[in-house]
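First to last, the sequence lines map onto chains A and B.
Each residue of the first sequence is one higher than the last, beginning at 27 in the numbering used here.
Each residue of the second sequence is one higher than the last, beginning at 27 in the numbering used here.
The set of hints was computed from the structure by calculation and includes no laboratory data.
Among the clues, some could well be false.
Just a sample of chain B residues kept apart from chain A, beta carbon distances all over 12 Å, derived [as the list claims (entries may be wrong)]: (1) MET48; (2) LYS79; (3) ALA226.
What the simulated footprint calls covered on chain A by chain B, stretch by stretch (three residues with Cβ under 8 Å from a Cβ of chain B suffice, anywhere in the stretch; the number is not a length) [claimed, not checked]: (4) 109 to 123; (5) 128 to 135; (6) 140 to 147.
Computed footprint of chain A on chain B, listed as stretches where at least three residues anywhere in the stretch have a Cβ under 8 Å from a Cβ of chain A [what the hints assert, rightly or not]: (7) 33 to 45; (8) 119 to 125; (9) 136 to 144; (10) 154 to 161; (11) 285 to 299.
Glycine included, every Cβ here is placed at the ideal spot set by N, Cα and C.
There are 2 protein chains.
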Amino acid sequence: MATAAAVDAVVRAAGPHVAELMARVEQRLRELAAGHGAVLAEHAGATIAAGGKRLRPLLVLLAAGAPAGEAATRRLVRSAVAVELIHSASLVHDDVLDAAPTRRGRPTVVAAAGRRIATATGDLLFSRAFAELAAGGEPDDVRALSAASSALARGELVQRADAWNVAVPLERYLERCVLKTGSLFEAACRLGALAVGGPADALGAFGRRIGLAFQLLDDVLDVSGPASRTGKARGTDLLDGTVTLPLILARQRDPALAATDLRALRDPVEAEALCDRIAATGALEEARRRALDVVAEATAALPALPDRQRRALELVAAGVVERYA
Amino acid sequence: MATAAAVDAVVRAAGPHVAELMARVEQRLRELAAGHGAVLAEHAGATIAAGGKRLRPLLVLLAAGAPAGEAATRRLVRSAVAVELIHSASLVHDDVLDAAPTRRGRPTVVAAAGRRIATATGDLLFSRAFAELAAGGEPDDVRALSAASSALARGELVQRADAWNVAVPLERYLERCVLKTGSLFEAACRLGALAVGGPADALGAFGRRIGLAFQLLDDVLDVSGPASRTGKARGTDLLDGTVTLPLILARQRDPALAATDLRALRDPVEAEALCDRIAATGALEEARRRALDVVAEATAALPALPDRQRRALELVAAGVVERYA
Numbered sequence: 027m028a029t030a031a032a033v034d035a036v037v038r039a040a041g042p043h044v045a046e047l048m049a050r051v052e053q054r055l056r057e058l059a060a061g062h063g064a065v066l067a068e069h070a071g072a073t074i075a076a077g078g079k080r081l082r083p084l085l086v087l088l089a090a091g092a093p094a095g096e097a098a099t100r101r102l103v104r105s106a107v108a109v110e111l112i113h114s115a116s117l118v119h120d121d122v123l124d125a126a127p128t129r130r131g132r133p134t135v136v137a138a139a140g141r142r143i144a145t146a147t148g149d150l151l152f153s154r155a156f157a158e159l160a161a162g163g164e165p166d167d168v169r170a171l172s173a174a175s176s177a178l179a180r181g182e183l184v185q186r187a188d189a190w191n192v193a194v195p196l197e198r199y200l201e202r203c204v205l206k207t208g209s210l211f212e213a214a215c216r217l218g219a220l221a222v223g224g225p226a227d228a229l230g231a232f233g234r235r236i237g238l239a240f241q242l243l244d245d246v247l248d249v250s251g252p253a254s255r256t257g258k259a260r261g262t263d264l265l266d267g268t269v270t271l272p273l274i275l276a277r278q279r280d281p282a283l284a285a286t287d288l289r290a291l292r293d294p295v296e297a298e299a300l301c302d303r304i305a306a307t308g309a310l311e312e313a314r315r316r317a318l319d320v321v322a323e324a325t326a327a328l329p330a331l332p333d334r335q336r337r338a339l340e341l342v343a344a345g346v347v348e349r350y351a
Numbered sequence: 027m028a029t030a031a032a033v034d035a036v037v038r039a040a041g042p043h044v045a046e047l048m049a050r051v052e053q054r055l056r057e058l059a060a061g062h063g064a065v066l067a068e069h070a071g072a073t074i075a076a077g078g079k080r081l082r083p084l085l086v087l088l089a090a091g092a093p094a095g096e097a098a099t100r101r102l103v104r105s106a107v108a109v110e111l112i113h114s115a116s117l118v119h120d121d122v123l124d125a126a127p128t129r130r131g132r133p134t135v136v137a138a139a140g141r142r143i144a145t146a147t148g149d150l151l152f153s154r155a156f157a158e159l160a161a162g163g164e165p166d167d168v169r170a171l172s173a174a175s176s177a178l179a180r181g182e183l184v185q186r187a188d189a190w191n192v193a194v195p196l197e198r199y200l201e202r203c204v205l206k207t208g209s210l211f212e213a214a215c216r217l218g219a220l221a222v223g224g225p226a227d228a229l230g231a232f233g234r235r236i237g238l239a240f241q242l243l244d245d246v247l248d249v250s251g252p253a254s255r256t257g258k259a260r261g262t263d264l265l266d267g268t269v270t271l272p273l274i275l276a277r278q279r280d281p282a283l284a285a286t287d288l289r290a291l292r293d294p295v296e297a298e299a300l301c302d303r304i305a306a307t308g309a310l311e312e313a314r315r316r317a318l319d320v321v322a323e324a325t326a327a328l329p330a331l332p333d334r335q336r337r338a339l340e341l342v343a344a345g346v347v348e349r350y351a
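Please take these sequences and the hints and turn them into a complete structure.
Okay, here's the thing in structure tokens:
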């Protein structure tokens with residue numbers, strides 16, 4: 027999603043009950059942020075409160091559709107909160123590994139409090155996600171969330187295993203994107219459907235595809251920039267040894283690129299030059315097109331749903347695309 | 027427990043069904059180690075396979091007592107595996123933060139593969155623990171495990187918040203020990219009891235106390251050494267700013283110690299000298315006595331149990347003490 031405003035538009039399209047549920051999700055996240063006693067969760071609290079666009083919790087609610095009684099509603103709110111907590115945990119750990127100074131315009135936990143506290147804060151957010159679902163006592167929900175959190179970690183391991191490998195197969199790259207991003211979007215949609223007895227597999231597949239497209243387009247942005255929009259220099263992934271779709275497509279179009287040694291990149295200037303060579307092959311347009319195809323597949327394969335619910339989900343899909351238009 | 031041999035003695039005392047269940051736990055841990063596809067969980071697999079004394083899984087089985095049908099047995103094995111996975115995850119993350127070169131005589135994950143892979147490996151082990159319990163579909167089990175894993179992370183946060191504070195209150199220190207160590211021992215005993223409909227609260231309280239005593243005695247060892255036995259220099263905690271029971275008791279006996287500035291410790295030699303000053307106050311004997319009192323309380327408060335089960339639990343309690351005799 028491009029902006030908080032775009033998320034607001036989706037919430038409006040989805041109907042007043044979604045706005046109300048999002049408010050309950052925020053309320054519960056604030057409670058958790060304040061919980062655990064003053065000092066204890068200072069950093070976890072700040073992380074939760076700092077927010078973000080809450081795209082994943084929104085997907086939980088949209089996948090559930092119309093409101094469905096207080097028990098289902100409580101389950102939905104718990105699921106939405108749990109998904110956001112897992113997402114926050116993964117961001118906190120990512121920031122530790124990247125030694126990132128800021129996120130969402132605030133200092134990261136690692137910048138504010140050091141690696142030890144930041145690692146423990148991520149672990150705490152992670153644990154709290156499962157505690158939140160455990161309170162509901164729904165085994166299917168715990169199963170969906172643990173599958174996604176395992177996938178997130180496996181995605182990171184695959185990314186490390188494939189680092190610096192310019193010849194990484196396309197399929198392996200796509201698998202990594204599903205693990206890193208698709209799996210939590212899938213869990214969000216699955217959890218929403220489970221709470222109301224909806225079509226969990228079909229909505230899960232929608233979420234997985236939307237997440238995959240989200241990651242593909244994110245990887246395009248790393249090469250295309252501009253930095254003024256992404257908030258980071260072009261080619262950051264390349265400098266880090268992470269081979270993504272633009273380079274995978276470009277190496278087929280320009281054989282010289284297939285011989286690139288990413289370890290030889292000495293600085294951001296050289297990384298930008300490589301981005302320019304990748305862009306010159308037309309690979310960025312093809313990568314974007316492939317991402318749009320995935321989004322189109324996602325919406326085409328949506329199961330039969332009430333009109334309003336379908337429109338809201340399509341708006342989310344369009345928002346993922348629009349971010350990169 | 028002093029050694030793998032002591033654990034074997036407990037297993038023998040507990041009866042052949044415990045040996046059989048431990049074999050099933052090991053089998054399942056090996057399956058998980060081999061799972062996730064070749065490269066993916068290479069490091070998680072190595073961590074699981076490397077083993078340890080499996081004290082926590084053993085507690086799960088002992089708290090359950092006599093065998094009780096295949097469904098309860100499967101639940102027990104899952105719980106024992108999940109507890110060991112959480113323990114392994116926390117060790118892997120600890121090693122990242124301590125940049126530890128070896129554990130259990132092998133290179134740590136962080137030493138072998140770097141911080142990024144080690145952090146993700148810890149996250150994966152963590153997620154797998156919940157996936158293992160989710161497969162069983164028992165909400166109470168997930169609740170017990172998520173409470174313990176939250177506590178582990180909070181324990182680390184408390185430890186960081188109190189770092190370098192020589193005046194930390196005794197109660198706060200004890201709370202930290204329960205969070206860091208008691209909570210997972212408690213969960214182990216609780217999970218064992220839950221699987222067979224046993225007295226979960228009473229056995230959980232036993233586990234919490236045994237875990238607390240385990241941590242108290244561990245903290246004594248850091249000051250008492252000898253390094254030849256602990257495998258690390260005396261005063262490692264002090265150099266790290268971690269104030270534990272020996273110093274807390276010693277500062278009351280020797281007011282000069284209350285004015286210690288741990289940040290002024292320049293090297294292991296100065297840390298050893300501080301250990302000697304702490305030992306000279308008699309604080310180590312008092313700390314040991316307090317730990318033994320906690321163990322005595324734990325066994326005294328055991329609920330009515332079959333003789334064989336009670337004896338096995340008492341042997342574990344004795345083993346925790348013996349390690350430091």
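Going through the hints against the structure:
The claim that MET48 of chain B is not at the interface with chain A holds, since no C-beta of that chain comes within 12 Å of its own (minimum 24 Å). LYS79 of chain B, annotated as away from the interface, keeps every beta carbon of chain A farther than 12 Å; the closest lies near 23 Å. The claim that ALA226 of chain B is not at the interface with chain A holds, since no C-beta of that chain comes within 12 Å of its own (minimum 15 Å). Counting residues of the segment 109 to 123 of chain A whose C-beta sits closer than 8 Å to any C-beta of chain B gives 4, which meets the bar of three, so the coverage hint holds.
Coverage of a stretch by a chain is defined here by at least three residues with a beta carbon nearer than 8 Å to that chain's beta carbons; for the segment 128 to 135 of chain A and chain B the count is 0, and the condition is violated. Check result for the segment 140 to 147 of chain A against chain B: holds, 7 residues qualifying (beta carbon to beta carbon below 8 Å, three or more required). For the segment 33 to 45 of chain B, the stated coverage by chain A is not satisfied: 0 residues place a CB nearer than 8 Å to a CB of that chain, which falls below the threshold of 3. Check result for the segment 119 to 125 of chain B against chain A: holds, 3 residues qualifying (beta carbon to beta carbon below 8 Å, three or more required).
Counting residues of the segment 136 to 144 of chain B whose CB falls under 8 Å from any CB of chain A gives 5; the rule of at least 3 is met. With 6 residues carrying a beta carbon less than 8 Å from a beta carbon of chain A, the segment 154 to 161 of chain B meets the three-residue requirement, and the given coverage holds. A stretch counts as covered by a chain when three or more of its residues have a beta carbon under 8 Å from one of that chain; for the segment 285 to 299 of chain B and chain A the count is 0, and the coverage is violated.
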